[in-house]
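J.: Here's the letter readout for the chains.
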Amino acid sequence: MMRRALSRLANPQLLALAGVLLINWILFPNFFRITWQDGRLFGSLIDVLNRGAPVAILAIGMAGVIATKGVDLSVGAIMAVAGAVAATLVVAGYPAPVAVLAALAVGLLCGLWNGFLVAVLDIQPIIATLVLMVAGRGIAQLITEGFIITFNDPVLVFIGTGSFLGFPMAAVIALVLMVLVTLLVRRTAIGLFIEAVGVNRAAASLAGIRSRMLLFLVYGLSGLCAAVAGIIVAGDIRGADANNAGLWLELDAILAVVIGGTSLLGGRFSVPLAVVGALIIQAMNTGILVSGFPPEFNLIVKAALILLVLIIQSPLATRIVPVRVAAPEARK
Amino acid sequence: MADEQFALEARGITKVFGNHIALDGVNFGLRAGEVHALLGENGAGKSTLIKILTGVYQATEGQVVAEGTPITLDNPQHAQRYGIGTVYQEVNLLPNRSVAENLFLGHQPTRFGLVDRRKMERESRAVLQRYGLDLDPSSELGAHSVAVQQIVAIARAVELSGKVLILDEPTASLDRNEVERLFEIIRDLKARGLAVVFITHFLDQVFAVSDRVTILRNGKLIETRPLEGTTRTDVVRLMLGKDVAFSGATGVEDERAVGEVLLDFRDYGKKRSIHPFNLTIHKGEVVGVAGLLGSGRTEMARIMFGADAADEGSVVFRGKPIKINRPTDAIAHGFGFLPEDRKVEGIFGDLSVRENIVIALQGKLGWFSALNRDEQLEIAGRFGESMDIRAASLDMPIKLLSGGNQQKVILSRWLATDPTFLILDEPTRGIDVGAHAEIVRTINRLRDEGLALVVISSELDEVVAYSTRIVVMRDREMVAELTGENINPGVIVQAIANHREGPPA
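So the protein lines, in turn, are chains S and G.
In this text, residue positions in the first sequence follow this note's numbering: the first is 1, and each later residue adds one.
In this text, residue positions in the second sequence follow this note's numbering: the first is 1, and each later residue adds one.
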């Protein structure tokens with residue numbers, strides 16, 4: 001049992017995260033220092049969790065989408081829409097729970113719309129979700145009427161900046177979502193069906209799997225996750241910025257899922273490893289920030305990371321370093 | 001014969017992929033002004049031979065000779081320069097560009113370095129008229145029917161190449177009139193001195209238009225002979241590898257007791273896919289389906305399982321009418337379907353053997369009654385044992401297994417659902433001898449246990465051995481139902497080859 005748990009920890013994603021943290025530590029010796037202040041934890045490591053949470057939450061939804069051989073480009077825009085809905089409602093005097101539920105419902109609806117385009121109209125996911133990626137920011141701007149709507153609602157601000165048992169609220173929400181979604185896909189047959197559809201949709205159909213419902217589910221979930229991330233980001237800046245909230249985060253989320261070991265060709269996926277992928281990205285961001293390098297480096301390092309992941313996944317790499325598999329002998 | 005000059009000739013071609021010999025010392029000569037049919041079942045080596053003749057592949061051994069000169073073809077453009085053009089089953093053109101652009105793509109007439117559109121369209125019109133097409137060269141190609149696109153593809157190949165034209169199943173998606181029109185064009189090209197290679201699965205078409213025929217089987221040349229004086233029966237025998245003298249042995253020595261009626265398909269069919277057929281299936285019975293590739297065997301299996309929806313006829317299951325519009329309908333009634341193309345429609349390559357086995361059962365159970373890992377392992381282990389699946393671990397990806405073991409996994413997938421009716425499409429194709437025997441054994445066992453099975457196979461000896469009844473398919477139609485002592489390879493070959501009166505289809 002112990003050995004199995006250990007061998008699970010030795011996967012490439014966790015090793016990569018450890019590597020990034022180690023480099024951060026070398027460049028910035030105080031990286032691992034955590035202090036307790038005003039009833040909450042502070043430190044670079046906590047910062048990684050806090051700042052990484054929105055992308056991690058997006059990645060939780062994105063993992064299922066990519067596993068079905070799809071992609072959801074609209075999550076950044078859905079964040080903006082959800083933030084705009086929540087902010088507008090609290091400013092209009094509605095109680096915060098109503099605003100949050102409305103924002104979540106809008107996010108879910110956006111996701112189901114993507115699901116409709118992909119599952120029913122059979123449009124390629126990259127195009128289908130591009131529609132909302134473009135339109136979403138427009139919708140968000142219509143909702144906010146072009147202004148950055150600021151608010152002081154204590155509940156929303158708590159969601160964005162509060163803490164629970166000393167940990168930042170955003171990270172706690174991400175953790176809870178990760179656990180819930182993992183249970184949803186692994187304790188039911190949904191995870192297996194998602195992988196089956198992603199690996200071979202024709203065979204899945206002949207084996208009696210209704211891929212349509214499944215696609216609605218994964219895109220709906222992705223929209224819902226994006227709404228959660230959108231509410232967190234809005235609460236964090238105490239305002240809804242239709243133009244900038246969640247901008248380009250869809251790409252970080254895709255990268256996180258790919259780092260988490262899911263191929264863009266669909267198939268095997270892991271929600272926790274996608275979250276680890278998001279943490280790797282954020283650890284790099286934070287590391288560059290705290291070690292005093294100019295932030296421009298960030299983009300270049302990220303690009304280098306993408307290149308590295310792609311090279312590792314390319315057919316060339318698998319040819320050079322063949323996957324070791326025991327010879328299929330008689331099973332006795 | 002040895003110094004006969006061919007327009008295009010393959011001499012002793014051997015092609016090896018990994019450790020699989022796709023072609024084994026094949027000779028193939030093509031005369032100018034003939035239509036030469038190339039026949040063989042799937043995997044016989046037809047497409048490999050074509051790809052070598054057109055420079056897509058390079059031969060491991062042997063030589064390609066054009067008009068007496070040995071040539072080396074590095075790529076298809078190279079082949080074009082020697083006058084060799086190919087038209088594939090799926091039209092290989094750009095549907096969103098104009099007809100003229102498609103005809104002249106890559107060698108457009110230019111003026112001052114720019115494409116001379118007017119000249120191109122004028123020449124296109126002339127070319128199209130030669131093929132009996134009166135259409136606007138500036139219209140989008142995709143707006144025309146598949147038949148017209150096919151003819152444009154032929155026109156392009158002939159204009160570009162002009163000596164040898166290879167037609168790889170050009171008629172697969174055409175209706176009868178369109179086929180006839182295509183044949184007129186082929187005959188015309190032949191009269192102009194072109195050498196035409198014609199690949200098809202439809203025997204009637206072979207006899208309607210070809211002069212000579214070459215038959216391949218398992219990568220080996222079986223025979224090249226003129227069609228004059230050759231019967232359909234001869235051709236089928238050569239393709240299926242049956243000796244002219246049949247043993248006459250029938251599989252069913254004793255009349256097996258057949259159970260009650262399980263399923264009844266009445267006038268069941270799908271337009272442009274398979275003619276309506278009637279088939280009654282009993283418990284404890286194996287209905288063998290014989291017929292050449294493209295005869296409608298697979299189409300029949302697919303509508304029985306709901307993989308394609310039938311558009312006419314009815315089904316009665318256990319005395320009650322049912323609808324089978326999609327696989328889930330069929331599975332709910334206890335059907336199972338092992339598809340012909342294991343890789344494309346059967347296996348989930350990246351998923352484990354265990355998951356591949358439980359997936360259909362889990363699909364039946366739905367999203368929320370998930371089998372846990374232990375239950376999955378138990379089920380997979382049970383079938384792994386009883387079907388003798390050779391895998392290092394049940395958790396290894398199925399794509400690493402041999403073809404035969406993959407097939408056993410898919411069969412196990414359906415057995416795990418406790419089926420009443422199984423449809424097996426070519427269950428033993430391309431698998432090793434051991435797995436082959438295991439699958440045949442399983443078919444016999446399931447029949448004795450009271451399951452109903454429909455088994456499609458090109459292996460006549462095999463169908464004869466386990467079937468209680470055999471239906472024969474030809475030209476997308478069920479043409480014969482054989483029972484008792486008629487279950488015999490000789491009778492089957494006769495039924496497959498039998499020429500129907502009337503125009504060739």
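Derived from the structure by calculation, the hints contain no laboratory data.
Here a beta-carbon is modelled for each residue, glycine too, at the ideal position from N, C-alpha and C.
Please note that a few of the clues may not be correct.
Stated by the list, open to error - Distance ranges between label pairs, derived from CB positions:
hint, chain 1, residue 1, chain 2, residue 2, range
1, G, Glu-378, S, Val-120, 30 to 40 Å
2, G, Gly-113, S, Ile-148, 45 to 55 Å
3, S, Ile-126, G, Val-56, 55 to 65 Å
4, G, Ile-322, S, Thr-161, 53 to 63 Å
5, G, Gly-142, S, Ala-105, 38 to 48 Å
6, S, Leu-22, G, Val-115, 37 to 47 Å
7, S, Leu-184, G, Arg-266, 41 to 51 Å
Said to hold, decoys possible - Taking lysine to any residue pairs in the SDA-like style, the calculated list, with each CA pair at most 20 Å apart, reads:
hint, chain 1, residue 1, chain 2, residue 2
8, G, Lys-399, S, Gly-261
9, S, Lys-69, G, Lys-364
10, G, Lys-364, S, Gly-261
11, S, Lys-69, G, Lys-51
12, G, Lys-364, S, Phe-32
13, S, Lys-69, G, Pro-70
14, G, Lys-343, G, Glu-312
J.: All the hints need checking, so say for each whether the structure fits it.
T.: A quick look at each hint next to the structure:
Taking the beta carbon of each, Glu-378 (chain G) and Val-120 (chain S) are about 38 Å apart, inside 30 to 40 Å as hinted. Checked against the hint of 45 to 55 Å, the pair Gly-113 (chain G) and Ile-148 (chain S) passes, with Cβ atoms roughly 54 Å apart. About 31 Å separates the C-beta atoms of Ile-126 (chain S) and Val-56 (chain G), a value inconsistent with the hinted range of 55 to 65 Å. Judged by the Cβ atoms, the range 53 to 63 Å given for Ile-322 (chain G) and Thr-161 (chain S) holds: they are separated by roughly 60 Å.
Checked against the hint of 38 to 48 Å, the pair Gly-142 (chain G) and Ala-105 (chain S) passes, with Cβ atoms roughly 42 Å apart. Checked against the given bound of 37 to 47 Å, the beta carbons of Leu-22 (chain S) and Val-115 (chain G), roughly 60 Å apart, lie outside it. For the pair Leu-184 (chain S) and Arg-266 (chain G), the beta carbons lie near 45 Å from each other, so the given range of 41 to 51 Å is met. Taken as a hint, the Lys-399 (chain G) and Gly-261 (chain S) pair is honoured in the structure, with Cα atoms around 19 Å apart against an allowance of 20 Å.
Distance restraint check for Lys-69 (chain S) and Lys-364 (chain G): the Cα-Cα separation of roughly 23 Å exceeds the 20 Å cut-off, and the hinted pair is therefore not satisfied. A threshold of 20 Å between alpha carbons decides the hint, and for Lys-364 (chain G) with Gly-261 (chain S) the separation of about 29 Å lies outside it, so the pair is violated. A hinted pair counts as satisfied when its Cα atoms are at most 20 Å apart, and Lys-69 (chain S) with Lys-51 (chain G) does not qualify at roughly 32 Å. The suggested pairing of Lys-364 (chain G) with Phe-32 (chain S) is violated, with an alpha-carbon distance near 51 Å, which exceeds 20 Å.
For the suggested pair Lys-69 (chain S) and Pro-70 (chain G), the alpha carbons sit about 47 Å apart, so the restraint of at most 20 Å is broken. Distance check on the hinted pair: Lys-343 (chain G) and Glu-312 (chain G) sit about 30 Å apart at the alpha-carbon level, beyond 20 Å; violated.
Against the hints set out earlier in the document, violations occur for numbers 3, 6, 9, 10, 11, 12, 13, 14.
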